[in-house]
Structure formats: structure tokens, C-alpha cells
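A.B. asks: Listed below are the residues making up each chain.
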Amino acid sequence: MTTAAPASTALPRPAFDVPAVLRKALISAGLALVLFSLMIGVRTEAGPAGGLVWWTRFRELVTLVAAVFIGSLLLEAGRQWFAAQPRGQFALPRSLSAALRFAARLLGPALLIFTLLLPVIFYQQRYILDLGILVLTYVMLGWGLNIVVGLAGLLDLGYVAFYAVGAYSYALLSTSFGWSFWICLPLAGILASFWGILLGFPVLRLRGDYLAIVTLAFGEIIRLVILNWQSLTGGPNGISGIPRPTAFGIPLTPGEHGLAALLGIPFSPTHRIVFLYYLILALALITNWVTIRLRALPIGRAWEALREDEVACRALGINTISTKLTAFAIGAMFGGFAGAFFATRQGFISPESFSFQESALVLAIVVLGGMGSQLGVALAALAMIGGFELFRGFDQYRMLVFGFAIVFIMVWRPRGLVGHRAPTVFLNTRTTISSDLVKEGRG
Amino acid sequence: MDYFFQQMINGLVLGSIYGLIAIGYTMVYGIVGMINFAHGDIFMIGGMTSLIAFLILVSSGLTTVPLILLVVLLVAMGITSVYGWTVERIAYRPLRQSFRLAPMLSAIGMSFVLSNFAQVAQGARVKPVPPIIGGGYTLHEGGGGFAVQLSNVQIVVVITTVVLLAIFTFIVARTRFGRDMRACEQDQTMAALLGVNVDRTISMTFVTGAALAAVAGLMYLLYYGVVDFAMGFVAGIKAFTAAVLGGIGSLPGAMLGGLAIGLIETLWSAYFSVEYKDVAAFSILILVLIFLPTGLLGRPEVEKV
Chain A
5 MTTAAPASTA LPRPAFDVPA VLRKALISAG LALVLFSLMI GVRTEAGPAG
55 GLVWWTRFRE LVTLVAAVFI GSLLLEAGRQ WFAAQPRGQF ALPRSLSAAL
105 RFAARLLGPA LLIFTLLLPV IFYQQRYILD LGILVLTYVM LGWGLNIVVG
155 LAGLLDLGYV AFYAVGAYSY ALLSTSFGWS FWICLPLAGI LASFWGILLG
205 FPVLRLRGDY LAIVTLAFGE IIRLVILNWQ SLTGGPNGIS GIPRPTAFGI
255 PLTPGEHGLA ALLGIPFSPT HRIVFLYYLI LALALITNWV TIRLRALPIG
305 RAWEALREDE VACRALGINT ISTKLTAFAI GAMFGGFAGA FFATRQGFIS
355 PESFSFQESA LVLAIVVLGG MGSQLGVALA ALAMIGGFEL FRGFDQYRML
405 VFGFAIVFIM VWRPRGLVGH RAPTVFLNTR TTISSDLVKE GRG
Chain B
624 MDYFFQQMIN GLVLGSIYGL IAIGYTMVYG IVGMINFAHG DIFMIGGMTS
674 LIAFLILVSS GLTTVPLILL VVLLVAMGIT SVYGWTVERI AYRPLRQSFR
724 LAPMLSAIGM SFVLSNFAQV AQGARVKPVP PIIGGGYTLH EGGGGFAVQL
774 SNVQIVVVIT TVVLLAIFTF IVARTRFGRD MRACEQDQTM AALLGVNVDR
824 TISMTFVTGA ALAAVAGLMY LLYYGVVDFA MGFVAGIKAF TAAVLGGIGS
874 LPGAMLGGLA IGLIETLWSA YFSVEYKDVA AFSILILVLI FLPTGLLGRP
924 EVEKV
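Sequence order for the protein chains is A and B. If you're matching positions, the first sequence starts at 5 in the numbering used here and goes up one per residue. If you're matching positions, the second sequence starts at 624 in the numbering used here and goes up one per residue.
For reference, chain B alone in the conformation it holds in the complex (with noise of 0.2 Å):
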């Protein structure tokens, strides 16, 4: 029983993370109707630019670790925001009329520009960090010399998300932004006409997205203590996966399903293969959409002729 505990504190920190991904995923199914492929490696991006803040911080003799984290988190959501926006920019927004097939194909051809990129920019080898967060609490001395454990990096990865998610709720339901999302989201013609520069909305769409997978790969970094160019292609997938399972075009559902997937994948591995992890991640993916392509959360979807 210990065990399950102790997979169940690591799934929902894993899931966390994805949850983060996902909702950049559903965000921008939501309100463009494509699949933002390269928003994988926008995590990747984030993932690598928090590295290269944290080195640069830590080498310049600042000690307080709570404020080089709160730094590293602002520039690595700057820049990745400017990344997607520009992807937005580049490769999405000339083909936002053209037929259904033009913007994926950009999209796959944009993750391979950043990936490769990050590749020939920061070199192929994995980076890792040794630990930021050390400690952590020992929840429950079980028999047998195992012992349920709750680490400090656990704590701030699960706050962090749920401060954030807050903040980005707020901003959805509340906000002038928000609105203007939600609106076209609904009816991209109708928000034009009462007003709503319906532009400089969806790039905020991405540039938020990016944010949060940028949250991701900082929260990922601190986990996992490594990042290398070619992350982003299997997390996000795995996102995708969450995004679609909660119900894509749904918000809360990203996050359920960001959870879900989390989990499926901790306790799978724990409990069968770790090799086949990924394989369980996709065939849920194929077993969603087959059986529950709404999602948990989702609105279905009805063809007009």
C-alpha cells in the first residue's frame, strides 16, 4: 500500500506537469481548431532556456534559491512566449484560411525547426543540473524499509501549478483578454464585428500557452534535474494525449487528463514495464479517441453538411 501512495504522490506530480502542457494544447484547439505540434518543443525551449538562466544565475553569486527560481521562471516565460508568438507569426498565421491539412504540416515542420534547433544551438548531449530543492518529508515509515517519501521539489512543482492555474483561470473568466478568447472561440466572425481584434487574440492564445508549457519546462528541469533537445516531441504527444482525454477545447479537462495520464504512466511503470510506457501513454491515446473522442469533459462535436 505504501508503494501505491508513493506512485500516486509521483503520478500526480508527473501529471501535473503534462496537465501544464495540455492546456496549451486545448487552448489552441479551442480557439484555431488545428494541432499546435511544435508546442512540445516550445516545453523543450522552456526547459533549456530556464537551464541556461538558472547556470547564469547561480554563477553570478546569487544564493537565495527561492528568488533565483522566481527569476529563472520570468525570463524562461518571456522568452518562450516570444517563441510563440513568432511560431504563431511564421508559420501558423499565413495559412489560417487555407485547407485543414497546411497548418499541421507547418506545425510538424515547425517542431522540427526548433527542436533541431536547439540541437545545433546548445548540442545534442542531455544537460543535467544537480538537485536545486533538496529534503523532504517522510510521510509514513511503512514495513519492510519502505518508506512513502515527499520531496520539497514535489511540494513546489504541485504549488507552482495550482498558483499558476489560478492566475490563468482568472485570467480566462475574468479578464477583458479572457473574453475576447472565450468569444473567438465561439464565433471568429461574430467577435470581429462587435470589436474584438481577433489577431492580436489568438497570438496571445499562443503566447500564453507558451507561458505555461515554459512553467512546465521549469517544473520539469527541477524534477528531472536534465533536459536535451529532443524532449519535447514524446511530452508532448503525451500533453496531446491529456488534452484529448480530458476533452479537448476544454480547460479543466486538460488538467484532469494532464492527471490521468500522469498517473496511467507512474503506476504502469511501477507495476508492469518501464520500457513500455510509452506505448501505454499512445494506446490510451488510441483508445480515447476511438471510444471516447469527446473526452471526459468535452462538448461533441456535430457535422453540418
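So here's chain A without its partners, still in its complex pose (with noise of 0.2 Å):
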């Protein structure tokens, strides 16, 4: 270690401050209690008479109020604690340092090479199957949404608008065209975009907060339209029945033309699931590839450009309504050909699938992931929706934690796990920018 002198030799004062810990403590128990008191102390519930009927809940409340007294108490001494220990206490020796960032450059690679493997590793595991496609459609969404939020700055709370777009587009040409996936594929796309480009149109002036609640509306609209407009839509009821895909023509089924029988291997109904998982592996690796590319054209610069500042942007004569409507349409369209590969695994959707929540957790995805970093998006989708899978037996807790995380995240670490952007140009050498000194774009 490279810190020599013992600790205690630079803590002249002393660690806890009993009574302030104790007071602390004292008030957030008291408000605790307060704030339970109706809510968790009293049960109200419809009685078999129709009226409601109320019961209360002491134990219950008592449990809470002291669970919060003692967790306030230790979260208090802890930071007391931190607070006490000398500075570069925690500081890595330099080889260990060196290590850790050569391991962090890995990651990526190492993830892709994993990823890649994943089917052949757990070919009998449908579960693990079903979770990493389920992961990679967040990892895809999250990186089709960086390309708005991450990259030009625009805050977009109805992304999935574009995932319903793309989603609704594919079942309903299937269904009554009987289109194949891969024509309807690139027209999900397109549709997406095209309502990307529409949603743009409106908000070109609008900023930050105003943007945000816009892309809001429209997302809500979108949904109550489907919900609502019955006869093409099927309403609440949804569409069922969606074809599912082919491998390129070729029919994934038992029968007498389809792909295990050319092949002339048995047939398994895991071919699907692995087939399928590939497909959204490609689409993401492509969003992932088409967005670096991205980023080293002028388009991709404008973008970063307009993130960072707007008025700038301008004066530098970058054209700022082309810049904000291709970020909106080329990430609306990797959401649509998300929504329809969807679509097509589920083989039924319905309104219920694209509520605010799910924009709300993409965007958690990319913010988590530190705005504007593939790999942090990936690692945060697959932190996201692990956590997600965590919480499978308590359904009606996993919403609850999934707000605390995001308070959480958002008070521990505001830029995100991945929080530094490293500018994709730069004079002589790249040095990467602190969080804290660039403004955020609020364009």
C-alpha cells in the first residue's frame, strides 16, 4: 500500500457524534410516522356489501417506523464515519490502477465475445435464453434512444411511442397482408421514422423540460389512440395470432419445408428461441455500429455539438432543424424495428406493453448508463432488467424499487455509471472531459 502513515494519527476528533445521530434518527422516525400513519396503519379494501370496510395495521406500521429508525440511525453513523476517514485513504496503487483500466478496456470486448457464445453455452436453458433476448431488446432500445437523448440532448419521454409504432406496423401488415417479417422489418422502420420526423416537426423550438413533456403527450396519445381506435387496433384486446419470423424464407416450424428438416437435423422448438435471440443480437450490434459510425460524421458532430450548446450550434451556421429531425427519425427508427421484433417474438401485443413505464425505464437505461456511452447503456439494460428479474415473485414491489433506484442513481451518481464523454474530436490528443464542466445540451 502506498499510504504509509496509520489512519489514526490523522483523526484528531472523534468519530460519532452520539447525540446528533441519535436526533437524526429521532426525526425521521417521527416523520416516518406521520407519513404511515393512514397509509400503512389503516387497510382499506372494497367489503362484500360494496361499501368499503377498514382495518388497521399497527404492527405493520410499528415495523416500518422502526425498520426507518434504524436505518437512518446506521446510514448516519456510516456517513459520519466516511466523513472521519482521512482523504486518499482509498486511493489504488498504481498497478492495481493500471490493471483495472486495462480490465475496463476489455469489458467490451470480453461482453460482445460472451454475448455472442450465450446460446451455445446455455442451449438448454430457455429461461437464460428468454431473459438475454429480453435484455439485448433494452439494450437495442437503449441505444436507439441514445442517439436522442445521449447524442443531440433532446430529453425524449415517449420513445415508446416509436417501439408501438414499429410494433403495431409489423402485426398489422402480417396479419392482414400477410407480409413476411423481413419485408415488414424495414417499413416498421420507416413508419417509425416517419412519425419520428412528425413528432420532431412541432418541438424544433421547444427545450429541456417543455421538450420532455411533449414527447410525453405524444406518447400517451399514441397509446390511448391504439387503446381507443377499435377497429383497426383491437383495442384493449390487442392483436394476436402474429406470424412468426422465418429464417429468411424459411419456415422455423416441424414440417416437411422447414429449416431442421432441410438441414436434416431433428427438429427443436429451441431453434426458434436461438434464431430469434441472434436477430436482435444483429439489430443491436447494427444500432451500435450505425450509431459510431455516426458520431464521426458531420451529422454525428452536429448532434454532439448541439447537446453541448444550441445558441453555439447556430452561430457556427450548423443547420439546427435538420440536425434535431434526422437524431429524432434515426432513433425513432431503431425503436421501430425494436417494436417489431417485438412484436414478432411475442406473436401478441397489446397497449398494455407501451405505458410510460416502459419509456420511463429506457430512458433510466441510458441515463443510468451515462448518456451518450454504448457500453454504459448495455451494462445498464442488463443491470436494469436483471434487477427487473430479481423481483420476479414480487410484482407489486418491483415498480416501488424501481423508483427508489432511479432517486437512488439520480442523487449518488447524476451522470450515470459511465460519466465522462470522451469527444469523438480532438486536437493532438484525446483528453476526456470531466462530467462536471461540460453544461448539459439543452437543446
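A couple of the hints might just be wrong.
Stated by the list, open to error - If the Cβ cut is set under 8 Å, some of the chain B residues that face chain A in the computed set are:
1. Asp625
2. Ser683
3. Ile713
4. Phe735
5. Gly746
What the hints assert, rightly or not - Reference excerpt, derived from the structure (chain B facing chain A, CB under 10 Å, subset only):
6. Thr672
7. Leu697
8. Val698
9. Ile731
10. Met733
11. Ser738
12. Asn739
13. Ile756
14. Tyr760
15. Arg805
16. Ser873
17. Pro916
What the hints assert, rightly or not - Covered stretches of chain B (chain A as the covering partner; in silico rule of three or more C-beta atoms under 8 Å from a C-beta of chain A):
18. 715-729
19. 814-821
20. 853-863
21. 899-908
In case anyone wonders, no lab produced these hints; they're calculated from the structure. These numbers were taken from a predicted model, which means no experiment stands behind them. Note that beta-carbon positions come from the ideal geometry of N, C-alpha and C, so glycine has one too.
Hints given; two lone chains; assemble the complex.
C.D. replies: Set out below in C-alpha cells:
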């Protein structure tokens, strides 16, 4: 270790201020008592006769208040202990931090190889394959939204609308005209990007919070229209019997013309899962590749410039209108692809899958991933969806924990897990900008 | 014509509820410049606590309706204000110096927390109560068997709103807290230099907004006779629309916008389609933001480089 001096010599003051800790914990417990008094202490439910009945739950109330008291005690004590530690105690030795940096650089390729090999390793475990497909879907959505939010700095709270447009485009085109997945996929993307431009036009002048609210309203309008336009979309019943994808025309069925029969191997339903897995992996990687390439083009640089400062952008002669519209359109297009994939995987879609919570989830993935960092988004999607899976048994607590997680992450690391912005263009050497130095793009 | 008058009355009542919620949005936006996304759910908490307090009071044998309502109002306002304070303390205060997106996302998280907390604590089913205030007046007996009705509930809602608005306006215009609030709205650093406790003023702003939202929650319960855990989201967006329509940051504007949204929604449902009433409200939000970003009574925002 490089820190030779023992910690105790640098610590003249006591580690704990016991009365202060106790006072804080007592205040928290008192607050909790007020907060939970009626909401937890009394439970109401519609009785057998139709009217409401209520009963008290003092034990739960006392347990919760006690939990808040103890939690606050530990938190405050921990904070004081942490503040009392001398600075620099936790600095890693140079060789170790270099090794860590090396490992961080290898993380991306390693993750990619693991993802490619996952169906081979877990061929028998259907659950893991399904989970992998789900995670990859969100990785793709995250990367798509990353173009709008992370690169162009346009806060979009209605991204799920494009996902819905893609899903419904494929579902309607395939069920009413019998078109195959491979024809519908590009169409779904084009239609979604068309809607992206449609949304983009009116909001060109808006910035920041207003933009967020308008996109939210837009997403809700799309959902409500889908919900109420019964003759076209089936309303709340959704669309079922959506055709499964084919391997470029060859169906993945046990029949005579199925892929398995053509290859001369015994049929297994896992083939389709593995095929879907690689399909979404390919789509996600295309999204990633396009994003990386676009960042090197003038349009990508214009996006990043727009994110940092819109006024300066305009002063430099960048056409902000086309810059914003392309960001919306391209982000929406990938959302549409993901939607078409979602429809073909599920075989059934309904407006329930496209609620505001989905938008918030994807946005949380992008923000948690550090807004602009491709690897960060992938890791965040893994963490979020994996975390959701852990709560599979306690469905009603899932969103509660999700909400707390967002708040906690925002308070703890507002810039996300990978919180720096590496500039794409640089002079002589690539220097990373600390995230504290750049202003949020308010465009 | 009678039908139209009836819808006007209904719309004004609905509009006063939206207006009460909208004030919370506009105050917070004015002082900290963020959209308090969780405000709609604070309104929901207000409705829930009102319902529970009401049930307890009724089964304790109290029969005087005005007394019950007064106690319920005070209890709901008290508890909901604590919610408002806690939300600000946990989710917004640590982020005050952060970049603009952070408090907004944190607010979205808090909105999830509140609505799902209510779901976990009180169940997912809607909670109906029998009509608390019955009776009413027939204003005009028209032809065709249609009569313009004004129920006592509607009178109570409007009167409560007006009285509370009067108190609230007095607080903002005349008291020390109101002055502090307006000072912080204009320039927080300068206000702090002049001895205003900025942190406490911001907290109190949230508390006041939450108290008004609790009143709206009780009024909603009285008027519709039903609350559920998810009602905060849509009501919140509509109230935000009202705040924007009136000009965000402007208190009379919020009330005006609330009335306008209430009227538009009611008339839309009456003459076009009930299914698309939320679509109408959201479309208005989009249209207002595009064509009238400063709202009816708002000040234009000048961008400085």
C-alpha cells in the first residue's frame, strides 16, 4: 500500500457524534410515523356489501417506523464514519489501477464474445435465452434512445411511442396482408422514423423540460389512440396471432419445409429461440455500429455540438432543424425495428406493453448508462432488466424498487455509471472531459 | 342551451380541482425551475388519506358532515404536506446544483415510488365511497325533460377552492413567507445574501403545493366518490397542462388554465367523444407549448448566452 501513515494519527476528532445521530434518526422515525400513519396503519378494501371496510395494521406500522429509525441510524453513523476518514485512504496503488483500466478496456470485447456464445453455452436453459432476448431488446432500445438523448441531448419521454408504431406496423401489415417479417421490418423502421419526424417538427423550438413533457404527451396520445381505435388495432384486446419470423423465408417449424428438415437435423423448438436471440443481437449490433459510424460523420458531430450548446451551434452555421430531425428520425427508426422484433417474438401485442413506464425504463437505462456511452447503456440494460428479474416473485414491489433505484442513482451519481464524455473530435491528444465541466445540452 | 350550461357548471367544478393541483406545479417551477413530476401522485396521496380519515371518522360515530369534512381536510393537508416535504428532501434537494435533467428524472422515480407505495399499502382496486354530500338545486327546467342541476357537492368544491385561493393569495402577497418565496423566485443568491433561508423557503413551497394538492384530492373524492392509486399520473399531466396554458410561474394563470382545461375536457366529452378526452387534453398541451410557450399570463423567457 502506498499510504504508509496509520489512519489514527490523522484523526484528532471523534468518529461519532452520538446525540446528533440519535436526533436525526428520531426525526426520521417521527416523519415516517406521520407518513405511514394512515397509509400503512389503516388498510381499506371494498367489503362484501360493496362499501368500504377498514381495519388497522399497527404491527406493520411499528415495524416500518422502527426500520426507518434503525436505517437512518446506520446511514447517519456510516456517513459520519466516512467523513472522519482521512482523504486519500482509498486511493489504489498505481499498478492495480492500471490493471483495472486495462480490464475496463477489455470489458466491451469480452462482453460481446460472451453474448455471441451465450446460446451455445446455455442451449438447454430456455429461461436464460429468453432473458437474454429481453435484455438485448432493451439494449437496442437504449442504444436507439441514446442517439436522441445521449448524442443530440433532446430529452425524449415518449420513446415507447415509436416502439409501439414499429410493433403495430408489423402486426397489422403481417396479419392483414400476410407480408413476411423481412419485408415488414424495414417498413416498420421507416414508419416509425416518419412518426419521429412528425413529432420532431412541432417541437423544434422547445427545449429541456418542455420538450420532455411534449414527447410524453405524444407518447400517451399514441397509446390512447391505439387503445381506442378498436376497429383497426383491436383496442385493449390487442392483436394476436402475429406470424413468427422465418429464417429469410424458411419457416422454423417441424414441417417438411422447415429449416430443421432442410438441414437434416431433428427439430427442436429451441431453434426458434436461438434464431430470435441472434436476430435481436444482430439488430442491436447494427444500431451500435450505425451510431458509432454516425458519430464520426458531420451529422454526429453536429448532434454532439447541439447537445452541448444550441446557441453556439447556430452561430457556427449548423442547421439545427435538420440536425434535430435526423436525430429524432434515426432514433425512432431503431425503436421501430425493436418494436417489430417485439411483435414477432411475442406473437401478441396490446397497448399495455407501451405504457409510460416503458419509456421511463428505457430513459433510465440511457441515463444510468451515462448518456452517450454505448457500453454504459448495455451494462445499464443488463443491470436494470436483471434487477427486474430478481423481483419476479414480488411483482407489486417491482416498480416501487425501480422508482427508488432511479432516485438513488440520480442522487448518488447523476451522470450515470460511465460518467464522462469522450470527445469524438480532438486536437493532438484525446483528453476526457470531466462530466462536471460540461453544461447539459439544453437543446 | 341547457345542456351547454350544465356542461359549463361541470367543467368549472372540474377546472377548480385542476387549478388547485396546477398551483403546486407552477410554484415549484417558478422557484426551482423544475417540473415536479411527482406532484400528481401527491394529489393521489391527498385523496387516499382523505378517504381513510373519512372512513375512520364516520365509523367513530361522528354525524355532523361539515365537522367531518373540516377534520378530514385538515388531516389530509397535514399528512400530504409531510409527503411533499419528504419528497423534496429526499429526491430534489441533493440535486439542486446538478444538471437540469437530474431532478426531473428523480421526480419521475419519485412518482413511481408514490403511486406504487399506495398500491402496495392500499391495494390496487378502486375505492368507492357513497355520496357524502347529497342534494342539490334545479336551476332551470328546460324542455325535453332536461334540467340544469347544481349539486351541493359542486357548490362545496367551488366555495372551498375560492376560500383556499383567497388564503393562499394572502399568504403569497402579504406574509413573510410569501415575500421570501417571491424573492427566491427572482434570485436565490441575492435572497440568501439578504437573509432569506432559501432551503427552508423552497421546502415550504413544496409543503404549500402539497397542501393544496391534498385539498384537490379531497374535492376529487367528494365529487367523483372514488380514488385509486393510479389517478395521479393523468391528473398530474392535465394540471401541468393547465399550469403551462396559464403561463408557468404565474399563480392566477394556473387557476385560469385549470378552469380552461376543465371546461375544454368537459365540453369535449359532452360533444365529441369521451374516449378521446385525454387525447384532447394532451393535444392542447402540445399546441400551447408550440404556439404559446409563455402561456396566457406568463412572462417570456429570455435566453442569455
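A.B. asks: Each hint: holds or not?
C.D. replies: A quick look at each hint next to the structure:
1. Asp625: violated (29 Å)
2. Ser683: violated (11 Å)
3. Ile713: holds (7 Å)
4. Phe735: Because about 3 Å separates Phe735/B from the closest Cβ in chain A, which is inside the 8 Å limit, the hint holds.
5. Gly746: Holds: closest Cβ of chain A sits about 6 Å from Gly746/B, inside 8 Å.
6. Thr672: Thr672/B check passes; min Cβ-Cβ to chain A is 5 Å, inside 10 Å.
7. Leu697: violated (13 Å)
8. Val698: Hint on Val698/B: holds, closest Cβ of chain A at ~8 Å, below 10 Å.
9. Ile731: holds (5 Å)
10. Met733: holds (6 Å)
11. Ser738: holds (8 Å)
12. Asn739: Hint on Asn739/B: holds, closest Cβ of chain A at ~4 Å, below 10 Å.
13. Ile756: Result: violated, 17 Å to nearest chain A Cβ.
14. Tyr760: violated (28 Å)
15. Arg805: Hint violated; Arg805/B Cβ to chain A Cβ min 21 Å, cut 10 Å.
16. Ser873: Because about 16 Å separates Ser873/B from the closest Cβ in chain A, which is outside the 10 Å limit, the hint is violated.
17. Pro916: holds (7 Å)
18. 715-729: holds (count 11)
19. 814-821: violated (count 0)
20. 853-863: With 3 residues closer than 8 Å to chain A, the segment 853-863 of chain B meets the three-residue bar; holds.
21. 899-908: holds (count 6)
Going down the numbered hints, you'll see the structure goes against 1, 2, 7, 13, 14, 15, 16 and 19, while the others check out.
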